[in-house]
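Visitor: Starting from the two chains in their separate frames, assemble the complex, guided by the hints.
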Amino acid sequence: MVNWLYSEKVRKHFFNPVNVQLNTPEPHEFNATATIGSIVCGDMMQVWLRIDKVSEIIEKMTWKTFGCATAIASTSVLSEMVAGKTLEQAREIKAEDIVKSLEGLPQNKIHCSVMGDKALRMAINNYYRSTCQTEMIRQETGKVIDTRLIVTDEEVKDLIRQGTDTLQGIQEHLKVGVGDKALIKEIEKILEDERQGQKS
Amino acid sequence: MDFASTTPVDPEVLAEMLPYFLNYYGNPSSLHQIGRKAKEAVSNARKTVSSILNCTENEIVFTSGGTESDNIAILGHALYLSKQRSTGIFACSEIEHHAIINSIYATKQYGFEPFLLPVNRKGIVNLKALENLILSKKVCLVSIMYANNEIGTIQPINKIAKLCRKNSVVFHTDACQASPYLSLDVKKLGIDMMSLNGSKMYGPKGVGLVYIKKATSISQVVYGGGQEKGIRSGTENVPGVVGLAKALSLAQSNISIECEKETKLRDKLITNLLDIPKVVLNGSKEERLPNNVNLSFLGVEGEAMLLELDKCGICVSTGSACSSNSLEPSHVILAIHKDDSNPHSYAHSSIRFTIGKYTTEEEIEYTILRVREILTRLRSISSTW
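Chains as they are written, first to last, in this note's numbering: chain W, 1 to 200; chain F, 1001 to 1385.
The following block holds chain F by itself, in its conformation from the complex (with noise of 0.2 Å):
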């Protein structure tokens, strides 16, 4: 139940990759044979992924996941700006993942101001205070998220982009939760950037892309023997590429299908877990994910619940403070009910079950049972219960 955090890698891709840990293991800058048939792999697969994103391959940049797309895709474009002697304001919503505001607020080395944009208590972003934004000062970039990682809020990605195009502003757009279940059609959604990372979809850990459409600027951030176009160095992890290729065509391929079954799963735990009193659905009902339920089971903390399903074998993530590294619970949390008379008490109390292709009704029926009992049990000796 916690397919967000990551997913297990999928037999059919796992078959794929082998090969090339094993026989095919050359260097694709190196010229005899194993090179070249390394070389061929990686080639292969920037041709899938461009073909599946409706781009060209020259627009495809391998990265070792995420977070790093993320960070060339904001930091890449802030570095180029600043030595044209630019400045002014890279934005991205309040509830970006960290690897998006961590670079957003990285900017400001560069001399641009960072923006965060609010959003309501469903989590979908505020238009209307972005078009301020972009017709009242100069703003340089836009990161929103496709689907958010905590309450799987689907934001209106092709009225930002279009937006941001009719005043030239770069988008970009940190797909990781949305690429198993939405369109990745990069000419429809209408956007400049876009990072996506293999362990989100059945694919391996450590591999990611970034797509940088034709005439987006982008300095170099990492240095090295000029692997991706000089945008990404290193040695491309061969194996991870393939993999990446290989998850990104079957998670879209199945979309249909996996959509129609999660759903169903999803609004079954959903419906009968909001039975349950004082326990609160977070985020959009109708604009989230397949796989998504994000619930406050309020008078109990988020991490005694956590650790009580994980002793009956069921796996979830927490908002609150007490699992995280920071004292702060979840950023999201907070900003989805900040309207609300205590947005802490409603942090603190979170749980994040996220469905994937092999969870089952049985699993669903399992998980209500447990949460009932173990909430009756934390209840009963809770103090602000």
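Next up, chain W with everything else stripped away, as it sits in the complex (with noise of 0.2 Å):
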């Protein structure tokens, strides 16, 4: 801890990134992209997917991320993670999967990886809408309360359920509603009826 904050996967891909788009792409080069995040929060990435059409399998996923250094080292890892994949399994990738593959993050810090696998997830719905395949987009369960972010109203109320009973605990898992007053008077609302709901 001393030399260094993090894993040392994660000092690996934070120094030494892998799979950056350093240029602005040609549109032939990648069949797929989603952004996610926002400067008010302070993290935002972008990624570009290569995928064959035929096999639907990632060739290659690229990205460019304005965050921190687990932020970075998280896109990073999950562009690795991707390679050689089906749409299929792209899908299934979890947060948790990102963060096991770094060797651990910090608690506060897993936001930033959940961003990682919900861009892939985005980038994989455009690609279906651009092939009209309209039949395999598939929503995040629940309603999405931050379009920034990409959390639905289903992620905070699992959460809830599993202990997290505070606006600053939601806050520290999700990062959701941080600068944004109406979403948090919602997130209040759900807190609410989550602790109406467990009393009867």
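Watch out, some of these pointers could steer you wrong.
DSSO-like cross-link-like pairs, simulated, lysine-lysine; straight-line CA separation at most 30 Å [claimed, not checked]:
id, chain 1, residue 1, chain 2, residue 2
1, W, 185, F, 1338
2, F, 1122, W, 181
3, F, 1213, F, 1229
4, W, 100, F, 1311
5, W, 189, F, 1338
6, F, 1128, F, 1138
7, W, 181, F, 1137
8, F, 1311, W, 12
9, F, 1338, W, 181
10, F, 1278, W, 12
11, W, 185, F, 1108
The hints are simulated quantities; they were obtained by calculation from the structure and are not laboratory data.
Guide: Take a look at the structure:
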């Protein structure tokens, strides 16, 4: 901890990230892209996917990230994880899988990697949309309440049911609604509803 | 490059302190020889400090640091007024240290109303807003820092003090960052209370003081054996107090040399880094501490930059949320950019470099070089660049 704040794997991917999209790509280089996050919450990333149209296997994922060391490292490691996977396999990658492959992250840093898998799923949906396979588009479960970070009400409810029962606790996990007063009200309402539900 | 976070102890200060750990370790309340020796040391330290501050010895209360000094001044006064069944406003600027803002908000428990005064884009308190507040409502206390810890902006303390005195409002200032660079003459400044801290001026950590002008009413918030006139009970930190006095007298006697030297280094760093596109200076260029450089490197997140610099052996601070305990980035950077289209982009990308008396010109040049390299790399992988 004295020499470096996070795991060795984070160090490697932060100082020497892989698959960075250094230039603006030509339209034919990739067939899907998606952007997630915002400058307000301090993390923002874009991913590009090159998908083989016959096998629907991801040949390459490139990315650009504005964010802290763990945000950069988590997108970099994700780009390694998805190469060679089918779209269906790639969709199954969860935040926990990214955290695991980074050899762990501090609790308050998890939100950074939560974003990479969501950006990936958004890009996959965009691919299906552009290839007219709308039946393959899969929405996140629940209603999206934070459109910048694509956080759903179901994610918030899950967290509350697992014992996180304060706004601050929820924000520490999901970063949802930071700097957005209307959204904070909505989260507080979900909290209140869940509390009532648990009582009855 | 992080001297505003804390400073190393000056070897001269340490030398003064050591005998009070090893030989004269007595409790100043004891009547025997080693106790009397310790009492004498505290009394001498108080004399030194009061002559620098141009006040009486009775007006100095030694504490455990800046935060405790701020708490005693604000909550001590609030508690006194609440016992008189008084109500009103406790005000501070929106860019105060959390030791002040949170103490101001804590006065709510005694029935007072907290109020945050706005600052302009240079970080200077809006005097008109202060005057309007004082004239339109009952204000009990105003606390405005002498110089800001994040952006180094120096406040017009004289004018604020005058305004407060004219309207019988108690005025407190947190002078922790100002102490190595600005005059601490409380009479000339015209203030009622002032907080100081050892560890920002090459003194020890865990010791500070609060100046409380005679006839300023404070109720005790720390109970115990009645030391420090009952305002701050507890056995005196004798080596700490000795170190604090020595550090203060060294720092104050070197003001002109240090200001000249550090201003030159500061301006070299600022000029060279502002040459890079989309780099913004946070805070006033003129009304600024000689040791403070705070810049937003747009397109790059502060923690990433900090860790890259750390790898090169350069220590800095950032206002980004990623490195704080909360999810919100620096309230100071957000406040000075509140009229810009995206205040958060400045806050998340802000880096504070603070120079000290041991900083060399070579270190400044090395820093400029490394910042340029790191910025190029991080901007090349950034989605907002």
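Visitor: Are the hints correct? Go through all of them and say.
Guide: The hints, checked one at a time:
For the given pair, residue 185(W) sits about 22 Å from residue 1338(F) by alpha-carbon distance, which is consistent with the 30 Å threshold. Pair hint residue 1122(F) plus residue 181(W) holds up; C-alpha atoms about 27 Å apart against a cutoff of 30 Å. Proximity of residue 1213(F) to residue 1229(F) is assessed by CA-CA distance (about 13 Å); at most 30 Å being required, the pair is judged to hold. With a C-alpha separation of about 25 Å, the suggested pairing of residue 100(W) with residue 1311(F) holds against the 30 Å cut-off.
Restraint check for residue 189(W) and residue 1338(F): satisfied, since their Cα atoms lie roughly 28 Å apart, inside the 30 Å limit. Annotation: proposed proximity of residue 1128(F) to residue 1138(F) holds, straight-line Cα distance about 16 Å (limit 30 Å). For the suggested pair residue 181(W) and residue 1137(F), the alpha carbons sit about 29 Å apart, so the restraint of at most 30 Å is met. With a CA separation close to 13 Å, the supplied pair residue 1311(F) and residue 12(W) stays within the 30 Å bound.
With a C-alpha separation of about 16 Å, the suggested pair residue 1338(F) and residue 181(W) falls inside the 30 Å cut-off, and the hint holds. In summary, the hint linking residue 1278(F) to residue 12(W) is supported, as the alpha carbons are separated by about 28 Å, within the 30 Å threshold. About 24 Å separates the Cα atoms of residue 185(W) and residue 1108(F), which keeps this hinted pair within 30 Å; it holds.
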